[in-house]
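With chain L's structure known, arrange chains G, V and C on it following the hints.
Spelled out from the first residue to the last, the chains are:
4 protein chains.
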Amino acid sequence: MTTHRIEALTDGVFAIAMTLLVLNLALPEARLGLTHADLITLLSGQTDKFFNYALSFILLAIFWIRHHQQSHYVKKTDMAYLWMNIIFLMFIVLIPFSTSLIGDYSNEPLAHVFFGSNILILGTLLMLNWHYATGHNRLIVHDVDPRIVSSSRKRGLVTITVSILAIGIAFLNTDISNYIYLLIPILQEVIRRRSRKSLANDL
Amino acid sequence: MTTHRIEALTDGVFAIAMTLLVLNLALPEARLGLTHADLITLLSGQTDKFFNYALSFILLAIFWIRHHQQSHYVKKTDMAYLWMNIIFLMFIVLIPFSTSLIGDYSNEPLAHVFFGSNILILGTLLMLNWHYATGHNRLIVHDVDPRIVSSSRKRGLVTITVSILAIGIAFLNTDISNYIYLLIPILQEVIRRRSRKSLANDL
Amino acid sequence: MTTHRIEALTDGVFAIAMTLLVLNLALPEARLGLTHADLITLLSGQTDKFFNYALSFILLAIFWIRHHQQSHYVKKTDMAYLWMNIIFLMFIVLIPFSTSLIGDYSNEPLAHVFFGSNILILGTLLMLNWHYATGHNRLIVHDVDPRIVSSSRKRGLVTITVSILAIGIAFLNTDISNYIYLLIPILQEVIRRRSRKSLANDL
Amino acid sequence: MTTHRIEALTDGVFAIAMTLLVLNLALPEARLGLTHADLITLLSGQTDKFFNYALSFILLAIFWIRHHQQSHYVKKTDMAYLWMNIIFLMFIVLIPFSTSLIGDYSNEPLAHVFFGSNILILGTLLMLNWHYATGHNRLIVHDVDPRIVSSSRKRGLVTITVSILAIGIAFLNTDISNYIYLLIPILQEVIRRRSRKSLANDL
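Residue numbers (the working numbering), protein chains in the order written: chain L, 1 to 203; chain G, 204 to 406; chain V, 407 to 609; chain C, 610 to 812.
Careful, some of the hints might be misleading.
[Stated by the list, open to error] For the chain G half of the interface with chain V, some residues (derived, Cβ under 8 Å), not all of them: (1) ASP214; (2) GLY215; (3) PHE217; (4) ALA218; (5) MET221; (6) THR222; (7) LEU228; (8) LEU230; (9) LEU242; (10) PHE260; (11) ALA264; (12) TRP267.
Calculated from the structure, these hints are not laboratory results.
Where a beta carbon is used, it is the ideal one built from N, C-alpha and C, also for glycine.
Isolated chain L (complex conformation):
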């Protein structure tokens, strides 16, 4: 089982999970007597769902990017690594369901805890993945700069910390809980820039 095959399945699963998100936006079909005002009401009632759609799409994209960045250094696989990846994909596929949950039950803390736990589990699995592959140089090439390993770990911690924060805040205010996730792309970009600067200074 080469890393190439795992990446092909991974790309497929991500592409489909991203696309299924759109099914959550479905409106009831207009049959008769619908006025212009009704459609405005219907669409503006979907504002939260559009935000959730964009949020989940971006979070999936971040996981996809990080997964490929990590895979880039992984040169061989074993059964443990393969199964970590499959369990990771299992929770990726769950994202459209979690997203529909915070869309349909937007005022329920429990829905937001479910969504947050999905992100938390994904962040944890991706970190374990990296930890396993890089520990004792188990599956990676030997000359990976330790700062790349460390920068990738830091970015993993961002996802985990933010999702724990979002789960906690869900019990106080479900709206803020949603917006908190925007910290993930922002903080990851900060870490990435710092790491690049440090690598550049070295040359």
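Relative to chain L, chains G, V and C alone:
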């Protein structure tokens, strides 16, 4: 992150978005007492939806072709380019929803404005993409003929102009608004032929 | 636009169209008071749908095989060829809808005419595709054995003839109309064997 | 038809079948008057469905891994092998339907017999596939270690035996019938380890 990986995700997302369009055609299941005439009524009532299906499929195909033509010249990527692509895919995935909107609410200008805006945003993003990649030869190889860069920009302007036109006309006549999009493939072909002729004359 | 990219999109669209077929089998969810006998009734009432599912899956597989066999000899592409492929994919994506039609309206000749026309159009497009690519050796390598070109045309004629036959029979008996399609794999195998024998004799 | 093309279609079909499983988890949309307790009830009522989701995802992953391990040794294809693969994919696509059946009709032995038969057919087809490819070294390279051939057969027998067992137990207790499938990953891992040890001892 190589362009190869982005293209694999892009192909997947396009293939699924194109296929999800067909879910908009779903008919109610016949249970009992349905006569021959009923099915004719049902199917002919779908004529608009079949047209919308074909239109969206063709527009998606045009975006797919243009995306790949542009990617062909892009030899490296950076984070900004990667995220432009991801936002582009986010609005590609929205097309089945926009299409269902103009199918279910075919007499509502607002639905057509929504669909037109989706096409407009896609056209704009693809143009920014090309602008960013080719500006100062940022991500492309250095010997790309300036006429190829310019022809691609012109074709991008077609999509943007036609979708603005269609949004405007939606307030006057929703049917014509739909047919206007057929200008996109026609005008793009005209520009492509001219550009090829000019390149051929040069040799 | 290389043939490689077209094949990637084609594989994606076929994989999804094949998988969407299964959505036609969906049963109503049991909530309360369902007896053992009810599930037997429900499942046996689906027998036709299981047959339709298998039939459409096999027809899609045949189109996929033929598409790839033809692509194998095509070494360059042009805009006309690209768009023939896209229109072909547009009718491939329609197959899950056509299949749901003959499942939900199994006694209606019109439903079977719709399904048959879908197959007929696909067969015709694939034949035009081959005709265009091989005519004057337009897009193929020059040393393709004329018997391969001719065998592929014959197999194309099988699909067209059988689907016209099935459309005609649909007005007399909708069940027989369905079974007629089984002639496609059988006749194609006969032609393939003959062609291989003829090629082998030659060596 | 190269093995490469078959693998591309296979990866696509597996990725989509795995992702469609999540549609079975869909909850009714909350409209009004839903209390906190209601969502807890709804979600905890889904516990079985979450288990089924995870189980089917893992079984699909196992089939995917075994399919690729077998394909790894297959160096050429013929029509019989190609069609065995297509029929195999046809039953892979059926898994989301079978899973929805044991989710919606969890107390019905018949539903579990249907699911078990699906797994049994898949196990049998994959074994025939391997038998056909390796018999008289028909499609594989000549120097495959006989212990690899035999270990792969043993793992195939595990799937077949366990699914027959699960079908039998379904008539006694539908819950146990579900858990029995967990034996498949466990026993396959045992066989894999033994086989690896035997191969290692040999060196």
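Now the hints, each set against the structure:
no.: 1; hint: ASP214; verdict: 5 Å, holds
no.: 2; hint: GLY215; verdict: 6 Å, holds
no.: 3; hint: PHE217; verdict: 7 Å, holds
no.: 4; hint: ALA218; verdict: 3 Å, holds
no.: 5; hint: MET221; verdict: 6 Å, holds
no.: 6; hint: THR222; verdict: 4 Å, holds
no.: 7; hint: LEU228; verdict: 5 Å, holds
no.: 8; hint: LEU230; verdict: 7 Å, holds
no.: 9; hint: LEU242; verdict: 5 Å, holds
no.: 10; hint: PHE260; verdict: 5 Å, holds
no.: 11; hint: ALA264; verdict: 4 Å, holds
no.: 12; hint: TRP267; verdict: 7 Å, holds
When each numbered hint is compared with the structure, no violation occurs for any of them.
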